[in-house]
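Asker: The residues making up each chain are set out below.
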Amino acid sequence: MALNINVKLCKGCGICVEYCPTNVLALDEIGKVYIKNISECIYCGRCEIRCPDFAIMLTDDTEKTGRGDNK
Amino acid sequence: MSKARLMQGNEACTEGLIAAGVRFYAGYPITPSTEFAEIFAERMPKLGGKFIQMEDEIASIGAVCGASLAGVKAVTATSGPGFSLKQELIGYAAIAEIPIVIVNVQRLGPSTGQPTSPGQADVMQTRWGSHGDRGVIALSPGSVEESFEIGVKAANFAEKYRMPVVILLDEVIGHMRERVELPEQVEIVDRKGPTGPPETFKAFCPDDDDVPPMASFGSGYRYHVTGLIHGETGMPSSASDVTTKLISRLHTKVDKAKADITMYTELYTEDAEILVVSYGGSSRPAAHAVKEARKMGIKAGLLKLITIWPFPDEVLIKAAKNAKKIIVPEMNYGQLVTEIERYVDRDKIVSVNRIDGELFLPDEILNPIREAAGGAK
Amino acid sequence: MASTEKYLRKTALPHIWCPGCGNGVVLSAIVRAIDKMGLDQNKTVVVSGIGCSSRASTYLDFNTIHTAHGRALTFATGIKLANPELNVIVITGDGDATAIGGNHFIHAARRNIDLTTVIFNNSIYGMTGGQSSPATPINSLSTTAPYGQFERPFDIPALAIASGATYVARGTAFHTEMLTNLIAKGIENKGFSVIDAITQCPIAYGRRNKLRTASAMLKWQQDNSVRIEDSKKMSPKDLEGKMIIGELYKSEAPEYTALYDDLIKRVQGGSK
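Residue numbers (our numbering), protein chains in the order written: chain A, 280 to 350; chain B, 50 to 426; chain C, 7 to 278.
It is worth saying that the hints were derived from the structure and are not from the lab.
Note that the structure is a prediction, hence the values are computed from the model and not measured.
Don't take each hint at face value.
[Unchecked claim] With a Cα cut of at most 25 Å, we get these calculated DMTMM-like pairs of lysine to aspartate or glutamate:
no.	chain 1	residue 1	chain 2	residue 2
1	C	K225	A	D339
2	C	K216	A	E297
3	C	K16	B	E248
4	B	K251	C	D46
5	C	K12	A	D339
Take these sequences, add in the hints, and give me the full structure.
Answerer: Structure follows, in structure tokens:
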């Protein structure tokens, strides 16, 4: 699995940070989400389904997302 | 082979719309247009078409817009108060370029007015009733036979120019019975469809005629429709160049087609010194008055407009070239006369009006003709 | 879930909604429900009205139409009746559906026409900056209720049920998976389906009502919702002020376009 973030779509509401059970995500100095700690990610998908901005997506490693910008 | 029948204007207009391929009607009961709903309710299922009585006038035009987007030719009919209610979505159909026909069987207004009496006071509302700038097509038949022809034409123009088209009937023509011979076959125009594959289709990218090809919902061509200003893909935009381009095109597609859209008839206009300009129900006593005047040796002529919008200015200027006086009878306080004033010397114009819910008597038009000719008082 | 990506018009994103707005969450639940139901992308139409909610159609790659304020259901009725093969999903808001479009809402329900209506219910007119809607709760503040709302709000599911809808559910942006399933079941229902999707407007509603962040509003949704199964074990007193969520109503009734097709058969058969 891979955790993909499209920072261009992120509006920095922080919902994903709030609901991540393992503290993987954080907001950067301009208030956008970034992956702070990928090793803790359990790929539960809570960030993806709660993101209002279509900025987070979990994919199989084999899936092509065409989204890039994977910080 | 055509069949002679005795029918009302509303009925003939319905037959014209059906002959042109209209297979969807949504409406709400209102006098004096209810025959449209009743006939469509009976005829549509027999033809595999659809009729729906909606909860109000606004819902009716909304459903008609939806049906047209799904690829079915669609019409709604109403009268004054309902026409007022439909104005917002007429504007929607204009900006979203949805081919629909709206029939307005005019009665006397404002408001509930005189529901069973004729009027012609929605002429300017038809031009300017919904907010914003746009080109308009409105046709006004003057007989039962013309009501059929205009039913066909209105559906064809809507398809050809991808826009709402208004049929301005009035209670006189709508409820009058005449013997008519309906043709077995009529010329039918269908909207032009996309020529390329879905990937390259832009739903609002016009051809040289300023009309974009249209794809039906469900045909594999996916696109967005909005009442917001939009670019060629249909996606909203607030850019000033996109705005100018779209608003201009809503006018120029009508301007470019003016010769095709313009319909009128003339009676003795070649040498007319007294020109009567009329339309719809008023044109009938006007024609009688002009014939009577000719018997009296007055060089009177009649220009009967069928196309009201876009206003046939060139036709008027030509017919008025020898006119010393121009008499404009209308069943309103003076509406189309203000448009006529834009193109001919206003000192020549005599506005003749009835605002009492009654049709003109021929003498009420003949007398001003005789006065203009310097004859009997 | 990359399988839902194809339903988005990526060039139209980012969307216009404010940070933390729940509309994107409800929209992504719709997309997942469509994916779950395996609808044909070329045979699915999304119709919306006007308001924050109704901008949603812009971001979806189907035949989409952003209509006029309150009128989405009228267009949708025309589309569905003209071509019953199409799956028609209606996106609307609490004001769009139950104030200016209230008449269309009850009549679409009465006809039981096969439309799936998802109401993005944020309790407020967001696009115009936070005026009261028919769903604004009593005592809450809005720009047009500066001393507190004293009009009673609609119970939207109750309105839908009374009007004849055959599938009625309520979900929230917090309960995202449940919401997806409720929308999917609405699509599955052959008739008029209503999903009242409670969503957060932190900017135009929350800030005035002591729920300053999206997270606070989601927490409010969590704390004030009771699943319908659980509600059956609770007393009316315990249920006071709570939102019951889940599948609230399901019934069988003839669907409008199917009835019309029967009529065509009957009339055409009779004329032979």
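Asker: Can you name, in rising order, the numbers of the hints this structure does not satisfy?
Answerer: Per hint list: single violation, 1.
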